[in-house]
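> Spelled out from the first residue to the last, the chains are:
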Amino acid sequence: MSVIRTLATVVEWIAAALLAIFAVIRTLDPNSIQGQIWKDIVGEIHDRQVEIVLVLAFGTLTSKIAQAAMDRWATDRRAIKAVLDAAHKSVFADVAPEEHYAHRVTLFRITRRFRDLPFAPWKWLDSRLRSWPYSLRMYARSGTSYQSASAGLFVNDEDEDANEGVAGKAWFTNASWTVTELPEWPNNCTGNPEHSEERRNYAKKGFMTPEKAHTIRVKSRSLSAHVVRKPTGVRWGVLMFDSRDPKGFGEPAEKKPIMELCAYLLSQLV
Amino acid sequence: MAPIQLRIQDSVDDAKKRTVGLNLSTFDIPRSASAVYDQTAHALVIRFQYIDREGPAPAQPLTKDITVVTGKNSGKLLLIRINAWDEKSGQLRVTFNKLADVNRALDGAISSLKRYNQKENYHLIRSVLSSNCSSLVSAAAG
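Order-wise, the sequence lines are chains A and B. If you count the first sequence from 1, position 257 lands on 257 in our numbering, and the numbers rise without skipping. For our numbering, count along the second sequence from 1 and bump the result up by 1000.
Among the clues, some could well be false.
What the hints assert, rightly or not - Straight-line alpha carbon distances no greater than 16 Å define the calculated EDC-like cross-link-like pairs of lysine to aspartate or glutamate that follow:
#, chain 1, residue 1, chain 2, residue 2
1, B, 1016, A, 260
2, B, 1114, A, 158
3, A, 247, A, 181
4, B, 1114, A, 157
5, B, 1017, A, 158
6, B, 1017, A, 254
7, B, 1114, A, 160
8, B, 1016, A, 251
9, B, 1016, A, 76
10, B, 1017, A, 260
11, B, 1098, B, 1065
It is worth saying that the hints were derived from the structure and are not from the lab. Predicted, not measured: the structure shown is a model, and the values here were computed from it.
The shape of chain A in the complex, shown without the other chains:
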């Protein structure tokens, strides 16, 4: 819906800009223009003034109506951010303010990136590589730190092992996954992440490859992922709580109702 709304906005802008250009062209005298092509264009515009005004007015009006209609279904990002911030305050209530950045609440959305299109011809030979993969990408995050993330987590409904991270597992199982006490990611290792036992261990418990774990900026040690569905039951994304503390959720049983409530609230907003 948001795509249609954006398209309607663009149509409205273009129609408004064309109206302004048309108003200027109307003041020109075709006979005073030098180039034959431009003379013909201006002449044509002068001859079809009524039609042009009607088309542009229709375009503006239609796009305005479409925007108003789409507003009903459009995702309210500010409300989503408010839910994530409230969730952060509740789940990490006992965390000191200066430590807040180490605990996050993130909403991931399922999407397909243009850059993941299988352009390379050698991929066309393999049926698994030939398909355009889906990935979970950050849609909104609590707080103000780490608000952008280029790394997405690949998901695949046909192959469980191809689902990356705890979020990928929650997506695949259409359920909730909570992992605590992940081992520390050794930052002093250099070279191929695959060659470090500790890194392999971290990656294995986090359901990803060491290379993938290496690309993620924050190496969380507690993760709780909850699938977010639309009210119609269709999966939309994953709500992720993560902390650098191995026991970041304290007593998970106490926090679970809040996490579930947030997943439900988000399902009403997306």
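Here the structure of chain A is known, so what remains is to put chain B in place on it, guided by the hints.
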């Protein structure tokens, strides 16, 4: 006939207690369950209400007497319809034996399910039915 509310708290609490690892989503845990006897169709209808309002998929027969309606996208159980006509006795009634058939039919369905959330939802519903046998029989009796 007014529907009878089924007791689901014990089964739901068990599902909610689990925290670490893989757990059923809140969207697949029923909020309430009710049973009503449909006198026109001569069937006991058990409905499960959830936090969302997912539409139903076409009804699927599990056995000759038992039909289920699942969610269109998640596959969770929304409704179970039990035919009350008992061929052996030639009477209209839902007995404990018939409810045991439902449990057996659900077990059979669970073994063929592939999706985790659907499998666990069926387990949960089975547990709800097992703990509400008397209520279901009395609902069928009107």
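> Against this structure, judge whether each hint is valid.
Do the hints match the structure? See the list:
no. : hint            : in the structure
1   : 1016/B x 260/A  : holds, 10 Å
2   : 1114/B x 158/A  : holds, 11 Å
3   : 247/A x 181/A   : holds, 6 Å
4   : 1114/B x 157/A  : holds, 12 Å
5   : 1017/B x 158/A  : violated, 30 Å
6   : 1017/B x 254/A  : holds, 10 Å
7   : 1114/B x 160/A  : holds, 12 Å
8   : 1016/B x 251/A  : holds, 14 Å
9   : 1016/B x 76/A   : violated, 30 Å
10  : 1017/B x 260/A  : holds, 13 Å
11  : 1098/B x 1065/B : holds, 9 Å
Comparing the model with each earlier hint shows violations of hints 5 and 9; every other hint is respected.
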